[in-house]
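Visitor: The primary structure of each chain is shown beneath.
Protein chains: 2
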Amino acid sequence: MNLIHTFEAVQEASLQLLELTDKDINKILHAVADAAIEQTDFILSENLKDLDRMNPANPKYDRLKLTKERLQSIASDIRNVATLPSPLGRTLKENTLPNGLRIRRVSVPFGVIGIIYEARPNVSFDVFSLCLKSGNACILKGGSDADCSNRAIIHVIHQVLKHFQLNPHIVELLPATHEATAELLHANQYVDLLIPRGSSNLIQFVRQNATIPVIETGAGICHTYFDKEGDLQKGTAIINNAKTRRVSVCNALDCLIVHAKRLHDLPQLCAPLANSHVIICADAPAYAALQGNYPQELLKMATDQDFGTEFLDYKMSIKTCSSIEGALNHIQHYSSKHSECIVTENPTNAALFCRKVDAACVYVNAPTSFTDGAQFGLGAEIGISTQKLHARGPMALEEITTYKWIIEGNGQIRKP
Amino acid sequence: MNLIHTFEAVQEASLQLLELTDKDINKILHAVADAAIEQTDFILSENLKDLDRMNPANPKYDRLKLTKERLQSIASDIRNVATLPSPLGRTLKENTLPNGLRIRRVSVPFGVIGIIYEARPNVSFDVFSLCLKSGNACILKGGSDADCSNRAIIHVIHQVLKHFQLNPHIVELLPATHEATAELLHANQYVDLLIPRGSSNLIQFVRQNATIPVIETGAGICHTYFDKEGDLQKGTAIINNAKTRRVSVCNALDCLIVHAKRLHDLPQLCAPLANSHVIICADAPAYAALQGNYPQELLKMATDQDFGTEFLDYKMSIKTCSSIEGALNHIQHYSSKHSECIVTENPTNAALFCRKVDAACVYVNAPTSFTDGAQFGLGAEIGISTQKLHARGPMALEEITTYKWIIEGNGQIRKP
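Residue numbers (the working numbering), protein chains in the order written: chain A, 260 to 675; chain B, 260 to 675.
Bear in mind the hints are in silico, worked out from the structure with no lab data behind them.
Any given hint could be a false lead.
Given that identical chains are not distinguished, each listed pair holds provided it fits within a single copy or across any two copies.
[As the list claims (entries may be wrong)] Straight-line C-alpha distance at most 35 Å; calculated DSBU-like pairs for lysine-lysine:
#	residue 1	residue 2
1	K421	K324
2	K286	K327
3	K324	K308
4	K421	K327
5	K674	K615
6	K487	K559
7	K352	K615
8	K282	K352
9	K286	K615
10	K286	K319
11	K352	K308
12	K615	K421
13	K352	K286
14	K574	K559
15	K286	K574
16	K574	K327
17	K487	K319
18	K421	K520
Make a model of the complete structure from these sequences and hints.
Guide: Here's what the structure looks like:
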């Protein structure tokens, strides 16, 4: 392994983080935020090198681009992380046994967290600040498209760390190569947790190839079920918000499931979608209900591929079902277990939906667009987990800590 | 995949578990315990078929063997699981946002848990009862040595499930073949969590090959550090208990680290070990301190291989260090992050040890032999996790649940 010395250095540096207080950490975060502003010209000029290599028509171009305003917003996010309560040193459980042994479960950092991401240089600042706040060292593997930007950002962070006499290896940026990714995926001895952030291809690749523990983030195939007893006004607002607030994010609506007894309300439920030019791929009953009541150029007959698809675009499918069980079956089959919603005034149906739907976030009469760490009041977000192990849904500082058991005795021994 | 229909059937059956109350579950557990006793003759006769194929000198023979008494103890363990509080439906977090959205984090089953284990048929009952109590369906892949025993046990459980009109697919035993293991490791669509239980080779194999989330259990390379300010009497009892209570378990002491200033106390610290014929592989200073004070036939010069080894036998190594930092470095290098202990009367050293040692369980003045779900007051144990993701140390019912976020609104929408 070519990167073994890098990995060793990060692991070694992670031990130094155990000696910092939350106050120390917050001081560093503020200094990094200041540096991000002070070094705006340097960061933007390096960012320009990356932008020059990319076609502005590429949808990645906008995500890659940094501006003075974006750096200000990044700095303000870093300062916000400093205001959050420390996730470390919390006693999660406490118990004194009859023999006098005192057993405590206490939150601690993971140690070293690896992040694999694509062409979004803001992630470098973002991940560093969340990892530092939670006492973790981090190994970043960014996309090659953003390499100059990422190097500039890490350079700025390293300068701050040196100023505080901290080991700069608490954050390392790997070469933007496939070889580096391959080594990181198997660095079991050095990396405690791996979080891939980006396209579903990237996440799939990491899941298939990593031998270190992974938290999957991302892909959201989200349904909204409009029940027989759904409120029309609420449903109209919820569907429009879930689909059109931001189509490029994972919590956006992909499929509306409508109860057959409410097909006559479909035109009204979908009316605001036409303003955003949302293309609707409807099954036969829904198509019939919408024909003549929705712009014909935006209305298509659904094919099998339109179900179970994450559109990430002004596009959605509609499925008709004859019962809540039908909706549950459709969701069970096609959901990516991210965010699912029911619109109903019937509390029994709402409770059934909440119990039966297997997803990170289950909504009653509110749009899936709320799935977000900040919206949930978590203060920050490192990703949205779509797996069930360790963390589910929005992940914030608590979710990038683990715990240890501390057992204090006075010479007790265990009987046979 | 040949087993795809089995996996589908288990996933389908897991949904039925969501409809059971804790009272229902406890009734089934009691019925399974009763059946284990009533069908003792059948289970033992099938167990005999497995035993007949194995050489009684094989260390696995004893683990494979079931007896009337062992079945009674198994039944009593199952009844004990029924007495534990349900881990399901607990509100872990609750928050009402200014816009009126009510957000709750509620504990729920994983869904389907896969367990890969070796020749211990009691694990079949054990895992089934813990999975049922936590609302999970389970897929068991037992070792071929125990196949007749496992089939008999699952047959008995299936009879009980049928009596309760429950879908028997909530527990399935896979064929005891490598092909079945290979399919299980990649059943991402059907299995939510995989727990390997057994030798470190098995665990390593699963870690390297599984694409579904895994919790590693098992291997414990455990150290006890006797500090410069350690109490001699406590240390003597702790070291003897940690090494000799049961040598075949993962929490047993493998390496004693002794402060150089206390080498003169080594003969007394090790005296009780001679009664159990513990072989000591000592480094040069420790060897010199013990020579003439410990049975010569049990004393060996340590080689490099004696450090970082899980002995699982009446054997241990001794390392001398000149400071607590030396002990911490040795542990950092060789520990499997399972259980580590310091014997000291100095609270600063105890605190430093607790902060710096990266292990599931960190002990002060108590032996590592306490690492056990029942000892920790967790009521049951499905394994001891040696990873940091999701669960660390003893895992009980809570650790085989996940959570979902339930968000209840009244038509709120998210602003841009």
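Visitor: Please go over all the hints and tell whether each is borne out by the structure.
Guide: Cross-check of the supplied hints:
1. K421 - K324: Classified as within: same-chain Cα gap 28 Å, cross-chain 62 Å, threshold 35 Å.
2. K286 - K327: within (23 Å within a copy, 65 Å between copies)
3. K324 - K308: within (11 Å within a copy, 69 Å between copies)
4. K421 - K327: within (25 Å within a copy, 67 Å between copies)
5. K674 - K615: Classified as between: cross-chain Cα gap 29 Å, same-chain 45 Å, threshold 35 Å.
6. K487 - K559: Within one copy, since 24 Å is at most 35 Å while 79 Å is not.
7. K352 - K615: Both. Shortest intra-copy (30 Å) and inter-copy (20 Å) distances satisfy the 35 Å Cα cut-off.
8. K282 - K352: Both, since 25 Å and 26 Å are each at most 35 Å.
9. K286 - K615: For K286 and K615, the Cα distance is within 35 Å only across copies (23 Å; inside one copy 46 Å).
10. K286 - K319: Classified as within; 34 Å inside a copy, 57 Å across copies.
11. K352 - K308: neither (51 Å within a copy, 46 Å between copies)
12. K615 - K421: Between. Shortest inter-copy distance 23 Å satisfies the 35 Å Cα cut-off; intra-copy 52 Å does not.
13. K352 - K286: Both. Shortest intra-copy (30 Å) and inter-copy (30 Å) distances satisfy the 35 Å Cα cut-off.
14. K574 - K559: Classified as within; 10 Å inside a copy, 74 Å across copies.
15. K286 - K574: Neither way: K286 and K574 sit 46 Å apart in one copy and 49 Å across, limit 35 Å.
16. K574 - K327: within (33 Å within a copy, 64 Å between copies)
17. K487 - K319: neither (41 Å within a copy, 60 Å between copies)
18. K421 - K520: Answer is neither: 66 Å inside a copy and 38 Å across each miss the 35 Å cutoff.
When each numbered hint is compared with the structure, violations occur for hints 11, 15, 17, 18.
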